[in-house]
Amino acid sequence: MNLFIEYSMVGIASGGMYALMALGFVLVFKGTGVFNFAQGELMMLGAYIFLSVNQLAGLHWSIALLATVLFALLTGVLIERTVLRALAGQPLLSIVMATVGLGLVLKGAAGLIWGQEQRTLPELVPRKPIFIGDILIPGAVFWSFVISMAVIAACLLYFRFTRGGVTMRAAASSQVNAYAVGINVPVISALTWGLAAAAGGFAGVLLAAINNLTPHLGDLALSVLAVLIVGGLDSLAGVIVGGLIIGWLQSMTGAYLGGQYREIMPFIVVLAVLLVRPHGLFGRKEIERI
Amino acid sequence: MHITRRGFNTFAAASAVAVSTGLPGTVRAQATDEVVFAATLPLTGPFAAVAKDQLEGMKDYIDFVNSKGGVRGKKVKFLVEDTQYKVDQAVAAFKKFMASDKPVAVFGDGTGFIRAASQENNERYKVLMTSTSYASDLIDAQKYGYHFMSGPTYSEAVGALLQHIKDSHKGGRAKLAVIHSASEYGRDPLEFLKKRAAELGIDVVLITEMKFRDVDVTAETIKLRQAKPDFTIIHGFGGAPIFTEVMKLAREYKLETKFMGTFWEGSRTILKRAGDAADGFIGVSNYAWNTAGATAPTLKAIDDIKRKRDPKYDGYPDIYYMQGWASMMLFVKAADDTLAAKKALTGENLRDALKAVKGWDTGGLIGAPVTLSGYSIPVAQVVRFDAKADMKPVPVSAWMSVK
Amino acid sequence: MSFSLDLVGPRAGIAPSNYRATAAWLDSGERRLGLALLLGLLALFPFVAGDYLVYLACVAAMTVVSVIGLNILTGYTGLLSIGHAAFNGIGAYSCAVATVKFGWPFWLAVPFGGLMAAFAGLIVGLPSLRIKGLYLAIATLAAQYLFLFAAQHWESVTGGDRGFQVAPASFFGIRLDSDMRLYWLIMPVTVLMCLAAHNLFRTRIGRSFIAVRERDYSAEVLGIDLLRTKLLAFAIASFYAGIAGALMAYFFKVVNPEQYTFTASIFQLTAIIVGGLGSVLGSILGALFMVAVPEILKAVVSALAGADAVKGAIMLASARELVFGLLIVGFLLFEPFGLAEIVRRARVSLQMWPFKT
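Same order as they appear, the protein sequences are chains A, B and C. The numbering used here puts the first residue of the first sequence at 1, with every later residue one more than the last. The numbering used here puts the first residue of the second sequence at 1001, with every later residue one more than the last. The numbering used here puts the first residue of the third sequence at 2001, with every later residue one more than the last.
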């Protein structure tokens, strides 16, 4: 029983990181209806920007983090302005493939600029393990959980209580009505992308600090697919619940079925959820069935 | 965005023209005064760090040979292609070599490539091969008759580790855990390990697999803590430093287990990432590990080259470098013996020359005379990495046969 | 979406007045001559080209077959699949099992690979009853990973990571053991598959695919059974992928999980974007282009990197990703109907010359 609790705690804690990684996907999907396959590469890019500012330019990590978030924000806006807006109204395939293409561009560019070597980021979060009774949670896992939850909570509050957030929600729920009440929808779309990219860049720094950094860091992003599908592609609250559920499930499968099943469990969950409840636990139900 | 549709079309059309005219179709005849070797290496992808060092070792040795006048007067030409550690890319690179420069010996990037290329190689190209792979079934005169291994197989390395456990463990039966990568390479020695451990009276309490890259390795570490092994063998990660994260976490969990690895994990560069957590890591080294002040000719040559390049070189090249060097030594040895017997430089003759090698002195690189009739070099040394001495490996066994 | 642009669609300046004329092809001397010339060139090719070009031609041909399949599903029927490579894999594995374990000859094993893939396609297609669009795409992606998992862990059937080694096919005592000989298996199959695909869209079934893509509700109102049509599209597309996969098994002589990954699926999607959605000619052009681009890049990069092979190789992997990405985005923005549209425009202006179109 003790072991069960330990695996559960660690699993749920590591789910925090999943939730943070999933946040960027949800922001873009909610705001513009695009599933951004380049989100992982935006994370990777963020981590490299951090690395460059922090280690190569030798600036303090807080400045580097700020620079990362700003740079990611600009990249997001730029991507929306140049590619996604031009493709507005195009079929799903075009938009999906455009984001895949953007991901490849970012990955290739990062490889050319920073090379393929593995880079190590400074340890941003303390490694010192946290003891809860007899149960031990690794420091990195615990603090990423806390930070992730804080970031997502901040996002939730922003959308709930600030003018900018409410405007974004309005534009997301109905573009026509948003136009009608005088909201500048194109600017909001660009900002949404910027925000998602910034969230991605931040997640990337945290992820790369725990893992190592190569241009392939973004590949890890697809592992949160299950989080998105379980929580619903357009629900911020769903991201948290989905992240924790998937983190817990992965820990359980890893513990009781064996390491190899950890890999595949998220995809089985994806298929199961898609067949039973395609819009996820919290997503808006607007799936056509024909 | 100032790219117009017409501009883009011009770009596409230009590419199309390049498609029709730019393809490499020319076949070059091999010059008679040179001998051509080639390597397919995963210079990008999960094993990029390994391949880079390997290549450095290969090139250094080839340059060294050429600076001494080549192989009996013939200069060595050396070609390399990246494979991203993908079988189809490696096969394509191989075919490209065979269609253009026609090397007589090719280094393969891994197990998959040797498996994929061997049939066609046996029947058609007939070139000598060695590779990154020490997979246990690749020494097979029937199926892989052109493939020689520059060290013992993974199973043999695991055998050496198990023997070390048996010899060094005191008090009761030793408990052993195994963490391997989720790949063929990772799973290769498992069957042998289970069998051999049972024979030696070692209890295998945990076998678990991990990806090369993962978000979180905590679950594996908790399992380790639960299993409380005396020893933990880590196999199949090569240059992927994720396994050092397990070691670090295990130490934070106050876990007292002795970590061990097979050949590719025993890299100083990688182990340094784990810091103190890697102290006492036991590895299996196929090659000598210290060149400082060495008098044996090969080690001295390496020492000179390394020191010339890097004044701060401390006498311990990475094993990846040594593996590259050793692989090319096999090729050059084969070519040298073939020419000495006044035979033509064909892959078949090179293979026969290597098969006939007995009691070869590698100049200190391998600490025992080498005989290749069994298609591999089943000698190795168990080493311990010392965190206090900048993770330098110290031998804990003599050079021994691990067959 | 687009009006279907085909291998031999109606030409400029000709207004067909009945259905028979619309559906006709090879209806003029020039066309017959053109096709004969093409076939002649393909037959001559291995005798004039070097070893490596023959190798590339085989790779390109197999890619063509698989990409046509994907285009039938995604380009013609509008069902986005991000897991096409899994069906290559199922074809390859089925073929390998048939050859290695049952000892079947290749002329049974290759169609078997296709049929098994088609069957798997039916199963993966079933959710298209409930979900569509992005969610269906994600389901195919999940299916891709399930396939990889099965290939790795269902060892009794798939041989695990090690996979299979496939012995060369043999045809009336001739061992098809070199690329040169395999060319004579792969190229005819490819030509047949191309012609079959072209013909498919002259039939009721093919046209119902297009109707489903354009507007599924309207298609249903017109009396098209949606589920059946979608399943059929999945089955045919997977059959093509399976045949390609089975040929790959003979060609690469080894079948293992790492050949049929997400990256391979994306590669094929890129080919249909570059070539042209909903076009057989586009599939062919796209596949050829995608096989050729890395080769050209290799030449360019090695020229740029000079003697430093390591730097060149490392640059190449990144450069390839960058160029593939730019091609996808570039074609989507500036030439959404791909190379096939460029060819069509060229053909029209040639036919209309000296008049401007």
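Hints in this document: simulated from the structure, not taken from any laboratory. Every residue, glycine too, gets a C-beta built ideally from N, C-alpha and C. Hints may contain errors.
[What the hints assert, rightly or not] DSS-like mimics (lysine-lysine), calculated; alpha carbons at most 25 Å apart, straight line:
1) A/128 <-> B/1272
2) B/1126 <-> B/1166
3) B/1306 <-> B/1388
4) B/1258 <-> B/1228
5) C/2298 <-> B/1306
6) B/1075 <-> A/128
7) C/2356 <-> B/1077
8) C/2356 <-> B/1095
9) B/1388 <-> B/1403
10) B/1075 <-> C/2356
11) C/2101 <-> B/1095
12) B/1306 <-> B/1077
13) B/1166 <-> B/1068
14) B/1175 <-> B/1223
15) B/1059 <-> C/2101
16) A/128 <-> B/1258
17) B/1077 <-> C/2101
18) B/1068 <-> B/1126
19) B/1102 <-> C/2101
20) B/1143 <-> B/1074
21) B/1254 <-> A/128
22) A/128 <-> B/1223
23) B/1068 <-> B/1095
24) B/1228 <-> A/128
25) B/1388 <-> B/1254
26) B/1342 <-> B/1388
27) B/1102 <-> B/1342
28) B/1102 <-> C/2356
[What the hints assert, rightly or not] Facing chain A, according to a computed beta carbon distance under 10 Å, are these residues of chain B, among others:
29) 1101
30) 1102
31) 1392
32) 1394
[Claimed, not checked] If the Cβ cut is set under 8 Å, some of the chain C residues that face chain B in the computed set are:
33) 2043
34) 2047
35) 2127
36) 2218
37) 2220
38) 2222
39) 2256
40) 2259
Next on the checklist: Next pair to validate is residue 1102 of chain B with residue 1342 of chain B; report whether the Cα-Cα distance is within 25 Å.
Outcome noted: Holds, because 21 Å separates the two Cα atoms, which is no more than 25 Å.
Next on the checklist: Check the hint pairing residue 1059 of chain B with residue 2101 of chain C against an upper bound of 25 Å on the C-alpha distance.
Outcome noted: violated (43 Å)
Checklist entry - How about residue 2220 of chain C: closest beta carbon in chain B under 8 Å, or not? => result violated (36 Å)
Checklist entry - Does residue 1392 of chain B pass the interface hint, meaning its C-beta sits closer than 10 Å to a C-beta of chain A? => result Given a least distance of 21 Å, the restraint on residue 1392 of chain B is violated.
Next on the checklist: Holds or violated: the hint that residue 2043 of chain C contacts chain B, with Cβ atoms closer than 8 Å.
Outcome noted: violated (18 Å)
Item to check | residue 2298 of chain C paired with residue 1306 of chain B [C-alpha distance capped at 25 Å] | outcome: violated (31 Å)
Next on the checklist: Quick check on residue 2218 of chain C please, does its C-beta sit within 8 Å of some C-beta on chain B?
Outcome noted: violated (31 Å)
Checklist entry - Quick one, are residue 2356 of chain C and residue 1077 of chain B close enough, alpha carbons at most 25 Å? => result violated (57 Å)
Checklist entry - Taking the least C-beta to C-beta distance, is residue 1102 of chain B closer than 10 Å to chain A? => result Hint on residue 1102 of chain B: violated, closest Cβ of chain A at ~30 Å, above 10 Å.
Item to check | residue 1254 of chain B paired with residue 128 of chain A [C-alpha distance capped at 25 Å] | outcome: holds (12 Å)
Next on the checklist: Against the 25 Å threshold, does the CA-CA distance of residue 1306 of chain B and residue 1388 of chain B hold or violate the hint?
Outcome noted: Roughly 23 Å separates the two Cα atoms, so the pair holds.
Checklist entry - Is it true that the CA of residue 1075 of chain B sits at most 25 Å from the CA of residue 128 of chain A? => result violated (57 Å)
Violated hints, listed in ascending order, are 2, 5, 6, 7, 8, 9, 10, 11, 13, 15, 17, 18, 19, 20, 23, 26, 28, 29, 30, 31, 32, 33, 34, 35, 36, 37 and 38; each of the other numbered hints is respected by the structure.
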